Amino acid sequence: MMGAIPVEHGLILAGILFSLGLIGVLTRRNIVFVLMSLEVMLNACGLAFIVAGSRWEQADGQIMFVLILTLAAAEVAVGLGLIIQMYRRFQTVDINVLSELKG
Amino acid sequence: MLDLIWLLPTFPLLGFLILALAEGKLAKGPAGWIGAGSIGLSFAVAALVAVSFLQSGLESHTVPIWTWMSVAGFDPGVNLYLDGLALVMILVITGVGFLIHVYSTGYMADDPDFSRFFCYMNLFVFAMLLLVLGDNLLLLYLGWEGVGLCSYLLIGFWYDDPYNGYAARKAFVVTRVGDTAMAIGLFLLFAQLGTLNIQDMLHAAEAEWAVGSSLPAITALLLLGGAVGKSAQLPLQTWLPDAMAGPTPISALIHAATMVTAGVYLIARTHTLFELAPNVQLLVAWVGLITLLMAGFTAMTQNDIKRILAFSTVSQIGYMFLGLGVGAWSGAIFHLMTHAFFKALLFLGAGAVILSLHHEQDIFRMGAKRKQLPVGFLCFLIGGLALTAFPYTSGYFSKDEILIAALEVEGQGIWLWLGGVIGAFFTGIYTFRLFFVVFFGESRGHHDATEVKGLNIALPLFILMALSLFGGWIPVPLDAVFSHGAEHEEHHISAFMHGVMIALPLAGIAISYLFYGSGILSVEKLMSLPVSRALHRFWNSGWGMDRLYDFLFVNPFLYLARVNAKDIVDAFYDMLAALSRAGHLLIVRTQTGYLRWYALSMAAGLVALIAIGVLL
Chain Z
1 MMGAIPVEHG
11 LILAGILFSL
21 GLIGVLTRRN
31 IVFVLMSLEV
41 MLNACGLAFI
51 VAGSRWEQAD
61 GQIMFVLILT
71 LAAAEVAVGL
81 GLIIQMYRRF
91 QTVDINVLSE
101 LKG
Chain W
1 MLDLIWLLPT
11 FPLLGFLILA
21 LAEGKLAKGP
31 AGWIGAGSIG
41 LSFAVAALVA
51 VSFLQSGLES
61 HTVPIWTWMS
71 VAGFDPGVNL
81 YLDGLALVMI
91 LVITGVGFLI
101 HVYSTGYMAD
111 DPDFSRFFCY
121 MNLFVFAMLL
131 LVLGDNLLLL
141 YLGWEGVGLC
151 SYLLIGFWYD
161 DPYNGYAARK
171 AFVVTRVGDT
181 AMAIGLFLLF
191 AQLGTLNIQD
201 MLHAAEAEWA
211 VGSSLPAITA
221 LLLLGGAVGK
231 SAQLPLQTWL
241 PDAMAGPTPI
251 SALIHAATMV
261 TAGVYLIART
271 HTLFELAPNV
281 QLLVAWVGLI
291 TLLMAGFTAM
301 TQNDIKRILA
311 FSTVSQIGYM
321 FLGLGVGAWS
331 GAIFHLMTHA
341 FFKALLFLGA
351 GAVILSLHHE
361 QDIFRMGAKR
371 KQLPVGFLCF
381 LIGGLALTAF
391 PYTSGYFSKD
401 EILIAALEVE
411 GQGIWLWLGG
421 VIGAFFTGIY
431 TFRLFFVVFF
441 GESRGHHDAT
451 EVKGLNIALP
461 LFILMALSLF
471 GGWIPVPLDA
481 VFSHGAEHEE
491 HHISAFMHGV
501 MIALPLAGIA
511 ISYLFYGSGI
521 LSVEKLMSLP
531 VSRALHRFWN
541 SGWGMDRLYD
551 FLFVNPFLYL
561 ARVNAKDIVD
571 AFYDMLAALS
581 RAGHLLIVRT
591 QTGYLRWYAL
601 SMAAGLVALI
611 AIGVLL
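So the sequences go chain by chain: Z and W.
So the first sequence is numbered by the working numbering: it starts at 1 and just counts up by one.
So the second sequence is numbered by the working numbering: it starts at 1 and just counts up by one.
Bound conformation, chain Z alone (with noise of 0.2 Å):
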């Protein structure tokens, strides 16, 4: 069984990889990179899912997981078509060029 790895060590590592997306989040200026940490920070909350899952014994936390996977793709799909359209408008990828909407 699973129950081999504390519960604690899990949620540790699911905290430390959505801070490390957060980070690429708030720091990243290509907009690709900040779709690739917005995944590593989904998979972290899917891991604490999981994590939570084993702990508890039920397929609640696998079930929130394969659902949070489905909004992955969706978001991916989604967002590499906008980041395509952007490119295509504006010749760039760095996501400062777009303040159009400052007050």
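Just so you know, these hints were derived from the structure itself, not from any lab.
No incorrect hints appear here.
To give an idea of the chain W side of the interface with chain Z (calculated C-beta under 10 Å), a few residues:
| hint | residue |
| --- | --- |
| 1 | 591 |
| 2 | 592 |
| 3 | 594 |
| 4 | 595 |
| 5 | 596 |
| 6 | 597 |
| 7 | 599 |
| 8 | 600 |
| 9 | 603 |
Now the in silico label distances, taken between C-beta atoms and shown as ranges:
| hint | chain 1 | residue 1 | chain 2 | residue 2 | range |
| --- | --- | --- | --- | --- | --- |
| 10 | W | 565 | Z | 30 | 57 to 63 Å |
| 11 | W | 602 | Z | 39 | 14 to 20 Å |
| 12 | Z | 77 | W | 578 | 47 to 53 Å |
| 13 | W | 165 | Z | 97 | 55 to 61 Å |
| 14 | W | 571 | Z | 90 | 46 to 52 Å |
| 15 | Z | 90 | W | 578 | 37 to 43 Å |
| 16 | Z | 101 | W | 579 | 21 to 27 Å |
Here are a few chain Z residues that sit away from chain W, every Cβ distance over 12 Å (derived from the structure):
| hint | residue |
| --- | --- |
| 17 | 11 |
| 18 | 13 |
| 19 | 39 |
| 20 | 40 |
| 21 | 66 |
| 22 | 76 |
| 23 | 80 |
| 24 | 81 |
| 25 | 88 |
On a predicted model such as this, the values are computed, not experimentally measured, just so you know.
Note that CB positions come from ideal geometry on N, CA and C, so glycine has one too.
Assemble chain W onto chain Z, guided by the hints.
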């Protein structure tokens, strides 16, 4: 038959609605037929109503139409009230009004805004009929303001010229001063007597208020304020001469025959109040007397044909006020009627002359026009005789009645009478000065003038001539209305007094003839004296009233407006606006447009929230 009086205001209202909704797209033919026809139908109804009213024994009659509103026991109705006074008024309004409408179809035939003109005219007749037929104060006030509005619209009818707009505004604002006083008077009456119905109110006033007490005096004064505004009496008379900027039929209909006499109607309608306040009633007489004399002086010095007639109108309404003030209620209304006839005739005749001379209004650029303009000549001869109260013309009877009644007032009667007679002397001078200058002497311009042709212009003139000559024999059924007045006794007056009353207007005509008809006396010689030049200037400016009001009210107001161009009250609201603007500028900095900045703020916010949740 009497129940048909609701049709009276309905026809002009329909005419107004049709012409207004057609937006001036109607051809002149149909527009003229609708405009004049609606008043013609009203007059036909008025005639039928008059016949059955006279047959039914002069009983007053109320026709309820509907309840205007009903709130907590306050339910003014749209009810029409017919008595002898209202009957005389509706006959004058629809009768003279109809003639003027017919005349206008000819006079305004070349005007591009023909249909708008008739639209306003019909609205005016509607409002005026409401004013005289309304049985409660609310309806009366509605009509009162309605005619004021139409007067404004029609004075400024030719709005291309800024002066006309100025004249219209002046008329509106000056009458508004009086209207405000009147509105306060009506509020006071309602608050004190608890009813809007005029007859109930008068009965209540008679029952509750003592003669000479202060409440009737205050209300009568306030109503008098409204009356002097509308009827162009001292001190609010300055708007009427400028109102001549409107088309001439308007001057005849609104500013001579009907609307300006609304003040006389108002006082006659509420005469019970004035009888309860004898001092105010005497004030009415003096206001009338002073106005008629001042306007008489001014009329002698004017050169514009319409302004002469305008000042003459002010002066004649002064006679009506004099009549009201001395208790000759029916005499005043009688003079209102005859004045409507001969002043409408004079104005319409002046219109025909002006039209024939290509819109020339200066009488000293006319002269010797009696051959070229025979109809105009006849108009001014007959109208002028009636205006100067030549024996057995219509004006003679009505002015006689007023002056004889004035003589009977105790104490001041002889002065009121004397003033009135002197006024009649001036009337003779200024009327026939106009007459001789325009139609006799040598031609001073427009030598090739030809009379305007058209039956729709000539026919109303001839009918009005007949009315001006013989209108004095029309009996007015007013005894029932003013039954408690003291005017039923036969008036006794010495033959000498009567002789003076007949002779002075004739002397006025003679003086005019000496100066302007024959040239035996020379105006130039008279004007060579500095004192007469100064007097002429003073009278010509209307006794400096315009300048006085400019000095007292207009210029201070303009000065204040200039100083306070940036409204003080606005400062507070400007501050509010500046405050929210500053807040906006502060917060807008957070909206950088950088996606990563937003993500960071969200993350930071989330962390902060969780931290708060964990710590608390």
